[in-house]
Amino acid sequence: MALTLTCPVCGKRNGYEFRYGGEDKGPRPAEEGLTPRAWCDYVHMNTCTVGIQKEWWCHRDGCGAWFTTFRDTTKNLEVKPPEAENGQA
Amino acid sequence: MDRLKQLPTLRINTDEPLTLKYRRKTYRGAAGDTVATALYAGGVRIFGRSLKYHRPRGLYSLDGECSNTCMAVDGIPNVRTENTLLKDGMVVDAQNVKGSANFDWLGFIDKLDWMMPAGFYYKTMHKPAAVWPVAMKQIRKAAGLGVISPDDEMKGRYDEQYLTAEVTVIGGGPAGMAAALAAAESGHRVVLLESRPHLGGCFDYRVTTNGQGTHLYERARELAEQVKQTANIRRFEHAAMVGAYNNNLITAFQVGKAGDGFTERYIEIRSASVVVATGCIERPLLFEHNERPGVMQVGCAHRLARTYGILPGKEAVFSVGHDLGLEAAVDLSDLGVKIACVADIREDGQRPDLLEALAERDIPVLGGWVATHAHGGKTVKKATLSTVEGTVRRQFPCDLLVASAGLTPVSGPFILAQAGMGYDRRTGYFLPTGLPEKMFPAGRITGINDPDAIEASGRLAGLEAAAAAGADVTQAAAAARQAVAALPGPERGCKLVTAPVKGRKSFICFDEDATVKSVKQAIDAGFDVPELVKRYAAVGLGPGQSGIPGHNLPLFVAKYTASTGTPKPTTVRPPLVPTYIATYAGYNHHMFKRTPLHDSQKADGGIFRNIGVWQRARYFSEDFDCKEEILNVRNNVGMLDGSTLGKFRIHGPDALKALQRVYVSDMSKVTEGRIKYSAMCNDDGCVIDDGVVTKLGENDYCFTTSTGRAGQASEWIRYHTRFDNWDFHIVNLTDSMGVINLSGPNARKVLAKAVNIDVSNEAFPFSGYREFFIRETIPVRAMRLGFVGELSYELHVPASYMQTVWDMLKEAGAEFGIRNFGVETQNVLRMEKCHIILGQESEQRTNLLDVGLGFLWDRTKSDAKTVGAVALRQAENDPGRLTLVGIRMADDTRAARDGAIIVDTKVRGYVATMRKSFTTGEAVGMALVESQLAGIDTRLQIFEDECNGELLDARVVPMPFYDPEGERMKL
Amino acid sequence: MAEFKRQSPVRFTASPIETEERDHWTVALEYENEGHGPWIGDLAHKARWDLQDGGLEDITPCDLIIPEIPGQCTFSGDMLINRMNRTQASIYHLGSEAPPIPDFQGYTDVSESSVFLALFGPNIFSVAEKLTRLDFMEPGNTAPFLLQGPFCHVPCQIVVLDSGVDGGFLLTCSRGYGDSMVHAILEAGAEIGLRPAGEKRFGSWIAALNRE
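So the sequence lines, in the order shown, correspond to chains A, B and C. Following the numbering used here, the numbering of the first sequence begins with 28 at its first residue and continues without gaps. Following the numbering used here, the numbering of the second sequence begins with 23 at its first residue and continues without gaps. Following the numbering used here, the numbering of the third sequence begins with -11 at its first residue and continues without gaps.
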């Protein structure tokens, strides 16, 4: 309940307003040559970063927007995007 | 007893007398008294018996730092009487006693302490093993103080408040008030929490003066008045902070006073920054029988007199280690307590004016002396003092022994905010080594004791907090910093750990009856760090958490283990203060959704159940098999309220693309005037929802979803198109239309009476979709579907007109004997047709093909990247998958229960839905079994819960069980 | 023959002392014992539209401009336009009659899908404080503004029309929650005397806001 997240439409809100949408794994891979294992990895395997990870959240109790943000998993705090992502976020 | 009146520090009003009943005697108190002070004023000294040894216990801290004075009040157990304001007519009982607190039949246990060393219950009472269940029963009766019945209900109103503030100040003493005032100057929203019923803190009851010559109690009231007059400070008195979480989320609860609309209120504050000005409690002095009634801390004795007008005793001995003790001795002597002597652990370093004052009053001060024994069977009668080295002893008769080793900061908020704690050599305090972000300490918690320094540090912290919340206060903060630097800083604290005693009866934790001796036993057994000792010897595990033992335990462990490293105090967890579960529960409104027909369905005898966030009528009679309801639909006509069905409009240039992404069928085949049934799958190919889609116009569709998925349908579609940047729009119309399901062979006859359009089979065939108006006013969307397997019309009607249309149809159907049918009846009817319900006949391991819906899947539209298509393609030829089959019991008299498992040498599947069918007379249903058992006529064995090994026989049969040609729905 | 009657998702136990029939609605103009406030008003009979389009900047509902930034509102006469996100706005009609819905695909009449309440009058925000963690007094916001978030744990649209101590806000949420929502609000407001108010009082409040 202490987690806060910044919705791009509504601003900073209590974490309970949101639904977690998983780590960002990018768009789904092309089906050409896709093995069942690779597909299963895309759907189910997580990196489980100890540190800052990029993830999807949905503002379920608010505007309904899906967005990505960065969270430090060791402190459970939303953080600013790391330098490399600036200009790409 | 006579109270001291006319003291300017009093917080009681003797003009408002209140009474309480204890042991059939009436005690008189005054408005402002706590239950404990009223009892003490009436002569009560023993308030209860301790947990393990049944030792007599009484007032010690006056702030409820331990469970000594927990009593049952008006039937509520474990009420902290030192913190509970007296209300007229309260009925109080002692806890944990057989007999009375004064004479407890179990008091003899105290003499058996040698039988109960640290951790004895880990080593005894389980050899032989048969002993344990007996022992466990007895221990459970003895463990805990108060008694409660599971049927007891808390009376009162418990609600909550959610606040946002820029600065939250925890603690309403001088530092807290100064901080709040300073932070408020910037215009920020400030919240001030004070756990006592009044502001004032460590100034509130003291006559000593500050640097300006103002009595501290006057200064406290001045500051409080300023706080009250400041509009942007919201103050909460009698509100204890209980938790601190990430991002400065602070939780607290406030006790309501007379006239408040609540008994207790949970308060949650999201604050940009926080000032912690929680001050100090006292570090208990460890000596033999240090918890005997009559032994109390400095603040307790002093406040009994000054705040409550009660002389704590007649003849006192003091054993202290800091100036507050000397100050209290001077003041209490002036108020009428005869003080035999003041033993000060310190040899030197006392404030000269205090020594002078004591000398003036002929009170001898013994420097370098400390109490070693409190004597007296039930209350203190005599005290033994000795030199700190233990070389010389003296005894003094007394009924009051004021004992304290020094101060200890209330650092709970910092520990909760996960600050590392380290030992400070000067003050002897455990202080935060790294401050959490935007959290600022102020006042005595930092080690200062000079009144002006306390206020100045509060002002500085308030300004720093305001700055951290965005205010521009650089100049003011710089001035405040200078002011603090010019005043006295943290003072040397007393470092004595224990008096020179063996410690067999020196209690380090009062709640758990843990002694110095038991701590030594724990350390000798190898549990040599505070966190381990805490658990093995039960030090600090009681409701007081670390209030009494928190500071002494790590100091003692370090000394006893001759550790060279710095000791670490044990952690504390929320709630920092015992809190009622009712306070956390609050109103706990059941927020649920009703259909527009809720009340009339109830009036018709509907029996409701929760389905997701909805309440729906499941049955319409006490017959939960629903025989009559079912046969009525099969042979006549019935009506169901299907309003919870998800309904959506999707429009926009890319609406079709979005539909193609989430539905497995080719949605480009959807045309106006016809409905198309399809399903949605997840990335594993498992079907997660089904519904019908129809086209309203160019780039304009509407679709339905199941009740349970309506809330997430938009979210789902948006998630699976999040990388595409398509232009489409979804409107959730679930609640905007009520749905009437009119089903049965007579359905057409009823509908024809109520509407003007041609409802013949030619004009409105199966799978048709029609829009029309009832009496030119009420718009209706009608679909012909076959979920229950009879002639059915699904009418979508604006919610506000729903009752009107329902009543119309009811009237039209009266001549046919039309009746309601509920969710359970619908469940059985569709089961007889083998129409699946998602989540009932499907689950995580079953994909679209497994449940027989493969015909919906269009493989050619791979450009659409339909969710689930990849998994379906990859899994298509997998052997051994769960498959949906129809089953029939060998014995038709009883169906197996839903969820019963199908077994041979292993679990091979389970029964999804099964009923004794009134329509066909057979016990039939659907099950999921491994594909090798899916052949028609395969014999199956069913294991029901608690069947005691008796399996039921069944076999696989063709689906559906009723009207296999599907003629009834196409009538 | 069944009478045509439109029903609101909200029922108050208080009885109206004056009503008006409007398009098969029985609109309560005034309730018994309305008291000194604060008040809760049922606006179920008032029209609400959803407007979604990829190019909202080119659309002017009833000649009004849709605000640019989500959270901002246009409040003019009896009409309120709330910008929800990049492609969506909600439109509330606060008067006794609404204009016909424009014939453009982007509009959906959503009057039936939600509960529509007005909460206004002295200290109403102290009631809101008990029912939501949303910060109605966030320093950056100037009324009228839109908040989308949970109230009584139910997702709502909340439009604060006046954040002064005697101000108030409008609230919409999924229709099915009508009874639960009103029950929770009335319970929380009991300690300061929250009572139902009719259209007359609501209309005066809106008129006063328009004058400012």
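Calculated directly from the structure, the hints in this document are not laboratory data. Be a bit skeptical, because a hint or two may be false.
Said to hold, decoys possible - Pulled from the structure, derived: some chain C residues nowhere near chain A, Cβ distances all over 10 Å:
| id | residue |
| --- | --- |
| 1 | E(-9) |
| 2 | I5 |
| 3 | E18 |
| 4 | E56 |
| 5 | S64 |
| 6 | N73 |
| 7 | H81 |
| 8 | P110 |
| 9 | F124 |
| 10 | P138 |
| 11 | D150 |
| 12 | E175 |
| 13 | S192 |
Unchecked claim - Listed next, with one range per pair, are the computed distances between beta-carbon atoms:
| id | chain 1 | residue 1 | chain 2 | residue 2 | range |
| --- | --- | --- | --- | --- | --- |
| 14 | A | E50 | B | T927 | 50 to 56 Å |
| 15 | A | K52 | B | D967 | 50 to 56 Å |
| 16 | A | E50 | B | G634 | 24 to 30 Å |
| 17 | B | D110 | C | P110 | 45 to 51 Å |
Idealized CB from N, CA, C, for every residue including glycine.
Going down the list of hints, with the structure as the test:
no., hint, verdict
1, E(-9), "holds, 39 Å"
2, I5, "holds, 38 Å"
3, E18, "holds, 35 Å"
4, E56, "holds, 13 Å"
5, S64, "holds, 23 Å"
6, N73, "violated, 5 Å"
7, H81, "holds, 22 Å"
8, P110, "holds, 28 Å"
9, F124, "holds, 13 Å"
10, P138, "violated, 4 Å"
11, D150, "holds, 21 Å"
12, E175, "holds, 21 Å"
13, S192, "holds, 31 Å"
14, A:E50 / B:T927: 50 to 56 Å, "violated, 40 Å"
15, A:K52 / B:D967: 50 to 56 Å, "violated, 41 Å"
16, A:E50 / B:G634: 24 to 30 Å, "holds, 28 Å"
17, B:D110 / C:P110: 45 to 51 Å, "violated, 32 Å"
Going through the hint list in order, the structure does not satisfy hints 6, 10, 14, 15 and 17.
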